[in-house]
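Student: So the chains spell out like this:
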Amino acid sequence: MDLANTSLRQLASALHERRISSRELAQAYLGRIERLDGELGAFITVDPEKTLAQADAADARIARGQAGPLTGIPIAHKDIFCTQGWLTTCGSRMLSNFVSPYDAHVIEKFAGAGALILGKTNMDEFAMGSSNETSHFGPVKNPWNLAKVPGGSSGGSAAAVAARLAPAATATDTGGSIRQPAALCGVSGIKPTYGLVSRYGMIAYASSLDQGGVIAPSAEDLGLVLNAMVGFDARDSTSIDRPAEDYTATLGKPLKGLRIGLPREYFSGGVSSDVAQAIDAALEVYDRLGAERVEVSLPHSALSVPVYYVLAPAEASSNLSRYDGVRYGHRAAQYADLNDMYERSRAEGFGPEVKRRILTGTYVLSRGYYDAYYLQAQRVRRLIVNDFREAFEQCDVIMGPSSPTVAFGFGEKTGDPVQMYLSDIFTISVNLAGLPGLSIPAGFGAAGLPVGLQLIGNYFSEGRLLQAAHGYQQATDWHRQVPDMARA
Amino acid sequence: MALTDTDLKRLARLARLRLEESEITGLQGQFAGILGLIDQLQAVDTRGIEPLSHALDLGLRLREDLVTETDQRARFQSVAPQVEEGLYLVPKVIE
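Taken in order, these protein sequences are the chains called B and H. Mind the numbering: the first sequence is residues 351 to 838 in the numbering used here, read in order. Mind the numbering: the second sequence is residues 1209 to 1303 in the numbering used here, read in order.
Keep in mind the hints are simulated off the structure, nothing from the lab. The model shown is predicted, which means the values in this text are computed figures rather than measured ones. Treat the hints with caution; some may be incorrect.
As the list claims (entries may be wrong) - Below, simulated BS3-like cross-link-like pairs (lysine-lysine); rule was C-alpha separation at most 30 angstroms, straight line:
1. H/K1300 to B/K400
2. B/K705 to H/K1217
3. H/K1217 to H/K1300
4. B/K763 to H/K1300
5. B/K763 to B/K705
6. B/K459 to B/K603
7. B/K400 to B/K459
Pulled out of the complex, with its shape left as it was, chain B reads as follows (with noise of 0.2 angstroms):
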């Protein structure tokens, strides 16, 4: 079976069909992993024994007639979520001995559908990266040029997947956390509406806007994936109970009259030319399938990243407070006393960013700066959703680049924090307001790197996004491109 070029679908009819076993079908994508991953980094853990054990049990299902449509299928998983009996480090030192004693809520979903736990991918240290290279276990290299980054913090589920080692994976995205690696990665990639999939087990960044989602090959892949995935959870406080949706129940309806909003700010510089260039050429294809253009402004746009930096470092200063080395994670072999005790394990288990994510947020919450930095940021997040309630009255799905650039390489961007946040600012917004977003490739610019194209769409639209990718996926093959290593 030609891994490199299988949908999920296709896997699926054929373990249901019997034409291959589950157990085969992990061997193969372990197989690769061995292969392929010595070069790439986008795994920390696998684990084929209890991969494989896993097959089997879904093998009988299979046989018992009792199969969904994932069962029997790997997926990996994002190694920010809490996985029983399994190492779960977030990309950090601080959790480098953490073998988690529960289950996330999504990893119960996937073992509920009988998927199988591929391994668990690298990804920038607690999320908080847009290159991986922040990560405990050393950088993730993008599949298509070794020497670029697959972008962050989920690079190595999204390198995973460009390289077929997994048919798909999860991930989680904060500020563009899934969407900048799939679009670096040239793979497709969803952010669902905050609250669709349960952060229980989820290590928490930025409880406000940390959200589960998917990356894989195609639209169709990820509304496969995506309806095992959502769920109410009453343990995660801002769940939302709504019935279950079949995300892939509208894909291959036709895009006649599909109102596309082109934010004027998204198309006005700040892009590089060849990512602009591919973006022109896809918005092409929509306006062939009958789509609409629409002008939108989204006014407030260019200040989303400083907002992010204000209210994403506060909620991980308190968010990140659990970790003192008392009842799990890293704690100092050395100390004078107990707070000696905290401030060593913890500046011995976190790397650089985090401590200036955690100073940050420290900073902007004290005293005498609460209102200047806090409170005005959580005003001006008013004013981005405000924009994007408005937008929406005039269109259906908004459209632009994931990323200002193509994949950039190792090391050019991490002197300066701040030229590494901006690698977001197409993202970010997305997750202030709580929007569903994606990211499909549509085409390579500079040096044959791939380029994402960015679906925004109103709360709950899901099945649309879903829907105005795969129309375009039906009418262009980007989406079936894979780098030269995926074929070995």
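Given the coordinates of chain B, work out where chain H should sit on it, guided by the hints.
Tutor: Quick look at chain H alone, frame taken from chain B:
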């Protein structure tokens, strides 16, 4: 705006992060950039705008007042750095 050594050390103490002297100069430079970025917010007129802490207006749910948790102490303590007789051990805080 720049942070002085004293400011940074105070923040680090509040955040329970031990900073080495050698880290301070680098952090000051990076903070100058970050503060420059977030200071852009000061120019925005937000008079009459309510702060927004959460994009979706969700009420807090109440649950039935029932015991739902079971005793999983041993399982959770299996990942703790130091435990004894079911207790987490930390350095002595009272002489």
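Student: Which of the numbered hints above does this structure break?
Tutor: 1 and 4
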